[in-house]
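**Student:** Here's the letter readout for the chains.
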Amino acid sequence: MHHQIDSLVYTNRLRHLPPEHKLSFAAVLFILGYGSVPWVQGAIALWLAVWIVGYAKIPAKIYARLLLLPLSFWLTSVPALLLGVTATSRWSAVQPDVMQGVVVGPVYLYLSVQGWQQASEVFARALTLTSCLYFILLTVPFVEILRVLRQLRCPSLMVELLALMYRFIFMLAETATDLVTAQRSRGGYLTWRVRLRSLGLVVSQLVVRTLDSYRQISLGLQSRNFTGELQVWHARRHKPSWRYSTEAMAGCLLLAIATGIYYAN
Amino acid sequence: MPIEFDRVTYTYPCAKKPAVQELSLRIPPGRRCGLIGRNGCGKSTLLRLADGLFRPDRGKLYWQGKPLDYSRKSLRTLRQQVGLVFQDPEHQLVATTVEEDISYGLCNLGLPESEIADRVQRTLEDFDLLELANTPINHLSLGQKKRVAIADVMVLQPQLLLMDEPTAYLDPAQTRTLFRRLERIHVAGTTTLIATHDLDFIYAWADWLMVMDCGRIVLEGPAEDLFDRHQELRTLGLGLPLAVDLLTMLEDNGISADKIRSQIVKRSSCEEY
Chain A
1 MHHQIDSLVY
11 TNRLRHLPPE
21 HKLSFAAVLF
31 ILGYGSVPWV
41 QGAIALWLAV
51 WIVGYAKIPA
61 KIYARLLLLP
71 LSFWLTSVPA
81 LLLGVTATSR
91 WSAVQPDVMQ
101 GVVVGPVYLY
111 LSVQGWQQAS
121 EVFARALTLT
131 SCLYFILLTV
141 PFVEILRVLR
151 QLRCPSLMVE
161 LLALMYRFIF
171 MLAETATDLV
181 TAQRSRGGYL
191 TWRVRLRSLG
201 LVVSQLVVRT
211 LDSYRQISLG
221 LQSRNFTGEL
231 QVWHARRHKP
241 SWRYSTEAMA
251 GCLLLAIATG
261 IYYAN
Chain B
1 MPIEFDRVTY
11 TYPCAKKPAV
21 QELSLRIPPG
31 RRCGLIGRNG
41 CGKSTLLRLA
51 DGLFRPDRGK
61 LYWQGKPLDY
71 SRKSLRTLRQ
81 QVGLVFQDPE
91 HQLVATTVEE
101 DISYGLCNLG
111 LPESEIADRV
121 QRTLEDFDLL
131 ELANTPINHL
141 SLGQKKRVAI
151 ADVMVLQPQL
161 LLMDEPTAYL
171 DPAQTRTLFR
181 RLERIHVAGT
191 TTLIATHDLD
201 FIYAWADWLM
211 VMDCGRIVLE
221 GPAEDLFDRH
231 QELRTLGLGL
241 PLAVDLLTML
251 EDNGISADKI
261 RSQIVKRSSC
271 EEY
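Top line first, the protein sequences correspond to chains A and B.
Per the numbering used here, the first sequence starts with residue 1, numbered consecutively.
Per the numbering used here, the second sequence starts with residue 1, numbered consecutively.
These are calculated hints, taken from the structure and not from any lab test.
Please note that a few of the clues may not be correct.
Unchecked claim - According to the in silico footprint, chain A covers these stretches of chain B (three or more CB under 8 Å from chain A):
#1 44 to 58
#2 74 to 81
Unchecked claim - One-sided excerpt, in silico: chain A residues whose CB lies under 10 Å from chain B:
#3 3
#4 102
#5 142
#6 163
#7 193
#8 213
#9 216
#10 217
#11 221
#12 229
#13 230
#14 234
Glycine included, C-beta positions come from ideal geometry on N, C-alpha and C.
Okay, chain B solo, but in the shape it has when bound (with noise of 0.2 Å):
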């Protein structure tokens, strides 16, 4: 069990409400973990709270069973284990160049350079940067800016990959590539958990799959019989994936749904459709 969180409450500095509350929950290691809700239910904090980002006002979080105190110490070796993808790329990328950005997380855990220059070689070719190598942040498109920012947190090889709204500002070609990627990522064993409001992409990617309403977690489980609670999403306001609503009215006409669920997956994993 990588991070565990046992009734937590987070408010902001000077908010009336807290924007995560008495929230419990398991992050299965190993799966792929989706993370729905609308906007401003506490997915983000939530994600923070994860990374040390944040202190709890009450309640604990373990990290691979031990409860985590806050030390630098701990903050550090959780951190080089937890890697947390910022929704905009801009607040993440420090460097000046695609290569000292990525390299930046490799110097400050004080490796030798032999090493570093390994591990950001590797990781250039793996996210397709390297005739960006050299060149300045500021010269990227906003999908070039979210690859490095992912790149930035897979290059430290994290246990626990956290990304807030990955598809947000990518067009559908790059959320294939997206996939792809995190589908790689995943066969490597990585645990990943992504919080975000795109039901289609989450659909088609997760396994386990929670849902989060007024900084709790409300329900939980198998993302295939998740989203069977039909009536249960549509309270929470979140509706339905496209495919879950037209599959339910194909099944309505007499059409097995098995079938075309295997082929929506398939469809969003490969480039050309």
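Chain A extracted, bound-state conformation (with noise of 0.2 Å):
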């Protein structure tokens, strides 16, 4: 899945904007979504399906499939919102809050109305908030993240951490893949046990493998005259698009007055 998301990044249709401005359009929606009303932010879910579908081709199978992500923490979650338990000799305490109550034995178990609300609150957020991040996900390729955080003078350290970890982490699957694969080749995972075993296998050969790639990696760094900085450097190609600078002004604007409104009465 994590490769199949950097293959699409890199092909999106919104590639050629600068990703200074896709970075500050989901921003400010993150922000506007994190403070508003729920219709609001119904709105900025849906206006982002529409970026990312429509505008920048993400196939609406894989962004659906993507949605349910922060929906299935939202179930797993709704449980602990919406039930309440009392004991039963205190239960007209609760009364206004009871949307419905069974007693079983001294334990009063009823559905919260208040938690009702709060977890409508809170799928409401949660769906535009993950909209914004998968908007920047999709359509924003890791690299040009690192170079804005660069030119935002994000300390080095980090920014080179950032960039080795997302060079090494496809070596590292890459390896572990190869791992299983060789050990399914030869019966590595018939029983549970076996299965057992063979992933331990693979945990410690990861280690030693890693290990020796450090070294090797190290010296392929010292012979191209590492300085304890990675410092690189590429052209620039973004085109700035007037008809997307527009639409996504003019709608943040619309957002911004309806929050206002909202506020104000």
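Two chains, two frames, some hints: make the complex.
**Tutor:** And the structure:
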């Protein structure tokens, strides 16, 4: 999946837009979405879906699958928000908050009205904010995020760590997949016990191979005159688009006004 | 004389036997040098010593007549003039996109941005990487990674190019492209040393040959002469390039070998055959 997202980003139709524009667009929507009313949040999520699926041409199916992710987190937290428990003797005290209740011996179990409100708020907010993050994830290649961070004077140690992680996480994944495939071809995952043993082997082998790679890469860095900092140069190829900029700004303005009116009342 | 080894011995930490033993060697300038030998005979160690990555236990290395003192400054100059291409490109590519990776060595030299831009652009063109310039390294195939690794080194315009098993991950078509690229590098005046056990490749490419066995150079000389020493190559466990074997058979049957040899060299450097 990670690899797939990475490939999608590099082929998305909004790739040519300057990454600063896309990042600030998402940041503005993120702030608006955090503080606003549910219907504005809904509008933001819908609008971003248009950007991601309509403009950037990310397949709708993949985007829908990605959106299921926050939904599943939400679902796991719903029982905690919704269910209320109190002693049967004190059930009248919580009466105004009860949607539906049942007595189980000395305990009174009920669905909370307030909890339901909270759950729906959390749902709207989670959906909006993850949409903003997905917009960044799906339209701005990681490399370009790093460049913007560099421009923003983010500490170089952090940017380099991120860059190296991005570079090597694929190598790690590849090594792990190779190991698992090799084990599978020799029946390493047939039964539960064998499977556990094989997994243990993968983990220990990964450590060994990672250390070996580390040694080789530090030689590689030395041979390329590593100075303690990973400085690189890149050409600028981005073209701002009048059409997209206008839509983004006009939309953000409308949403901000809507939020403002809501808070004024 | 770009680089010279004087009775160099190197043992890896915790290893029982030295990987390179009392090795003396001069790399003739401007030549296409091939370094052959069986796996584990010390070829890669020799290349790493030549790039100043390992420090010999005994013996000395000379770069352009001066002994290498392993100070930070002298290593920096050495690595600027000696380019090493590793066998596994993964160990060499550190930046996130092709263009950034090529610029990395130039940025380390502290060159002005306009010159970096200029040289990166030219290298991208030279190595047919223009379309891949903005592609992340992890999206490349192994052959493409190899090409980027060579471009990384060549952008620094080294005087001596060292390559460790350059044909290891290449298919026949990529090998032929590599052959032509090496030819251009040679014509531009760069001395090249290739360590490999791909005898067929080295037979078609090298004009100077060094044979290594158990950490020492055991044979050295012009490639044509060395490939005539059939018996010695066989006892070293190397055997002969397919072409030499064939030529010998033909010669035994009275057909001129020189003519066929030139045909074989030509074949390796052209795209279709």
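**Student:** Take the hints in turn and mark each one as holding or not.
**Tutor:** Hints, one by one, checked against the model:
Look at the stretch 44 to 58 of chain B against chain A: 3 of its residues bring a Cβ nearer than 8 Å to a Cβ of that chain, three or more, so the hint holds. A count of 3 residues in the stretch 74 to 81 of chain B with a Cβ less than 8 Å from any Cβ of chain A is obtained; the coverage claim is therefore met, three being the minimum. The restraint placing residue 3 (chain A) at the interface with chain B holds, with a minimum CB-CB distance near 8 Å, inside the 10 Å limit. Residue-level restraint check for residue 102 (chain A) is violated (minimum Cβ-Cβ distance to chain B is 55 Å; threshold 10 Å).
At a threshold of 10 Å, the smallest CB-CB gap from residue 142 (chain A) to chain B is about 7 Å, leaving the interface hint in force. A hinted interface residue such as residue 163 (chain A) counts as satisfied when its beta carbon comes closer than 10 Å to some beta carbon of chain B; here the least separation is about 6 Å, so the hint holds. At its closest, the beta carbon of residue 193 (chain A) sits 34 Å from a beta carbon of chain B; the interface hint therefore is violated under the 10 Å criterion. Hint on residue 213 (chain A) holds. Least Cβ distance to chain B is approximately 7 Å, under the 10 Å limit.
Given the 10 Å rule on beta carbons, the hint for residue 216 (chain A) holds: about 4 Å separates it from the nearest Cβ of chain B. The criterion of a C-beta within 10 Å of any C-beta in chain B is met by residue 217 (chain A), whose closest approach is roughly 5 Å, and the hint holds. Among the interface hints, the one on residue 221 (chain A) holds; its C-beta lies about 6 Å from the nearest C-beta in chain B, closer than the 10 Å criterion. Interface restraint check for residue 229 (chain A): the shortest CB-CB distance to chain B comes to about 9 Å, inside 10 Å, so the restraint holds.
Satisfaction of the interface hint for residue 230 (chain A) is found here, the shortest Cβ-Cβ separation to chain B being roughly 7 Å, below the 10 Å cut-off. Below 10 Å, beta-carbon pairs count as interface contacts, and residue 234 (chain A) has one with chain B at about 5 Å; its hint therefore holds.
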